[in-house]
Amino acid sequence: MKKIFCVMITFVRISQKVGVGFMKIAVVTDSTAYLTDKQINDYNVHVVPIPVIIDKRVYKEGIDISTEDFYRKLKTADSFPSTSQPPIGELISLYESLGDQGYDAVISIHLSSTISGFVQTLTNIAGEIHNVKVVPFDSQITVMLMGNMVIAAARMALAGASVDEILVKLRELRATTNEYFIVDDLQNLVRGGRLSNASAFIGSVLKIKPLLTFDRETHRIVAFDKVRSTKKAIKRVEKLFAQECEKIDYPLRLIIIHANNEEAATAWKNELSKQYPDFPIDISYFGPVIGTHLGEKALALAWMKDIEK
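Numbering (the working numbering), first residue to last: 2 to 310.
Some hints here could point you the wrong way.
Stated by the list, open to error - So the derived label-pair ranges between C-beta atoms look like this: (1) P88 to E263: 18 to 24 angstroms; (2) D56 to K227: 28 to 34 angstroms; (3) I249 to K57: 43 to 49 angstroms; (4) I308 to S230: 33 to 39 angstroms; (5) D43 to K76: 33 to 39 angstroms; (6) R156 to T219: 29 to 35 angstroms; (7) I249 to G103: 47 to 53 angstroms; (8) K233 to S163: 45 to 51 angstroms; (9) N45 to D283: 20 to 26 angstroms.
To be verified - Capping the alpha-carbon separation at 20 angstroms, the derived lysine-lysine pairs in PhoX-like fashion look like this: (10) K74 to K25; (11) K306 to K248; (12) K232 to K170; (13) K74 to K57; (14) K170 to K306; (15) K232 to K275; (16) K270 to K240; (17) K170 to K134; (18) K248 to K298; (19) K61 to K74; (20) K236 to K298; (21) K310 to K170; (22) K233 to K275; (23) K298 to K233; (24) K270 to K232; (25) K270 to K306; (26) K298 to K270; (27) K227 to K248; (28) K275 to K240; (29) K170 to K25; (30) K25 to K134.
Keep in mind that the hints were calculated from the coordinates and are not lab data.
Think of the CB as a built atom: it goes at the ideal place given N, C-alpha and C, for glycine as much as any other residue.
Sequences and hints are given; from them, build the entire structure.
If you want it as structure tokens, here you go:
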């Protein structure tokens with residue numbers, strides 16, 4: 002009996018290593034995760050480009066227009082740019098293609114439903130996909146914070162984790178994300194309807210820098226303070242982060258995010274590295290879709306549980 006039992010355990014262990022009985026899970030995200038080409042290829046992530054409209058011309062983020070081109074066009078555009086959702090037909094084709102490739106399930110991780118109706122659209126069409134199970138996941142955030150969730154999910158999928166195990170991890174990581182934005186102008190957010198308390202902050206005085214964050218309860222972008230000058234705004238964000246950091250008992254990863262403002266982002270990283278030498282600090286960017294709403298020169302300090310630890 003003991004011999005049979007040992008044989009069974011050995012078979013289970015071998016099965017885990019070689020993937021016997023594993024569900025084959027694909028991970029899909031959208032272009033606002035701002036993953037590098039290497040990350041996309043290494044973790045077999047499928048990226049849905051979100052359209053950006055500039056002067057009535059539609060561009061697919063990351064395909065038809067680069068981040069550099071976007072900010073260059075922004076300077077000469079006749080009107081504010083806007084964004085839209087990807088065509089439903091393209092989404093259905095992507096999921097069906099993944100089903101045809103032998104995937105059993107797709108975990109589709111996307112930008113906050115308070116920024117875009119994309120997740121709701123996916124939820125509505127998931128039942129129309131019959132050859133693969135589609136599981137939409139609202140990151141309740143965007144940019145590289147969401148990108149790190151995607152990487153964590155993709156690693157788990159490649160290692161043979163189940164859909165439920167991956168969703169548990171995603172919810173855990175989502176609960177650790179936070180971000181403070183410093184923007185030059187609220188007009189883009191106001192016009193796009195992405196700022197829930199816009200009326201209290203419209204008409205900002207010259208050189209006043211509005212500070213924004215994602216509200217923990219509603220997950221909407223809210224303005225919570227106005228500071229004179231970028232330098233003072235950065236110090237205010239650093240103070241807020243220091244206060245929150247004292248309450249956190251897990252390893253953090255910091256991300257400085259910029260909208261065509263790499264020099265300022267690098268300088269901020271250098272300063273924070275002195276204050277927090279034990280924290281890894283990455284630099285990322287606001288690409289065309291998010292840059293459409295925040296405007297050029299925006300800066301943000303973001304953090305979440307370190308997916309490497």
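Here's how the hints hold up against the structure:
1. P88 to E263: 18 to 24 angstroms: violated, 33 angstroms
2. D56 to K227: 28 to 34 angstroms: holds, 31 angstroms
3. I249 to K57: 43 to 49 angstroms: Once the Cβ atoms are compared, 46 angstroms apart, the range 43 to 49 angstroms for K57 and I249 holds.
4. I308 to S230: 33 to 39 angstroms: Because 34 angstroms falls inside the window, the suggested range holds.
5. D43 to K76: 33 to 39 angstroms: The hint (33 to 39 angstroms, Cβ to Cβ) holds, given that D43 and K76 are roughly 35 angstroms apart.
6. R156 to T219: 29 to 35 angstroms: Holds: the Cβ-Cβ distance is about 30 angstroms, inside 29 to 35 angstroms.
7. I249 to G103: 47 to 53 angstroms: violated, 41 angstroms
8. K233 to S163: 45 to 51 angstroms: Taking Cβ atoms as reference, K233 and S163 lie about 48 angstroms apart, which means the hint holds.
9. N45 to D283: 20 to 26 angstroms: At roughly 21 angstroms between Cβ atoms, D283 and N45 fall inside 20 to 26 angstroms, so the hint holds.
10. K74 to K25: violated, 42 angstroms
11. K306 to K248: With a Cα-Cα distance of about 13 angstroms, the restraint between K306 and K248 holds, given a limit of 20 angstroms.
12. K232 to K170: violated, 37 angstroms
13. K74 to K57: holds, 13 angstroms
14. K170 to K306: Holds. K170 to K306 sits at ~11 angstroms (cutoff 20 angstroms).
15. K232 to K275: Roughly 17 angstroms separates the two Cα atoms, so the pair holds.
16. K270 to K240: Since the Cα atoms of K270 and K240 sit roughly 15 angstroms apart, the hinted pair holds (cutoff 20 angstroms).
17. K170 to K134: holds, 19 angstroms
18. K248 to K298: Judged against 20 angstroms, a Cα distance of about 30 angstroms means the pair is violated.
19. K61 to K74: holds, 14 angstroms
20. K236 to K298: holds, 17 angstroms
21. K310 to K170: holds, 13 angstroms
22. K233 to K275: At roughly 18 angstroms apart (the allowed maximum being 20 angstroms), K275 and K233 satisfy the hint.
23. K298 to K233: holds, 15 angstroms
24. K270 to K232: Holds, at roughly 14 angstroms.
25. K270 to K306: The hint holds at about 18 angstroms.
26. K298 to K270: Holds, at about 16 angstroms.
27. K227 to K248: Distance ~25 angstroms between K227 and K248 Cα, so the pair is violated.
28. K275 to K240: Measuring from Cα to Cα gives roughly 15 angstroms; hence the hint holds.
29. K170 to K25: Holds: K170 and K25 sit about 18 angstroms apart, inside 20 angstroms.
30. K25 to K134: Satisfied, since the Cα-Cα distance of roughly 11 angstroms is no more than 20 angstroms.
This entry does not satisfy hints 1, 7, 10, 12, 18, 27, going by the numbered hints stated previously.
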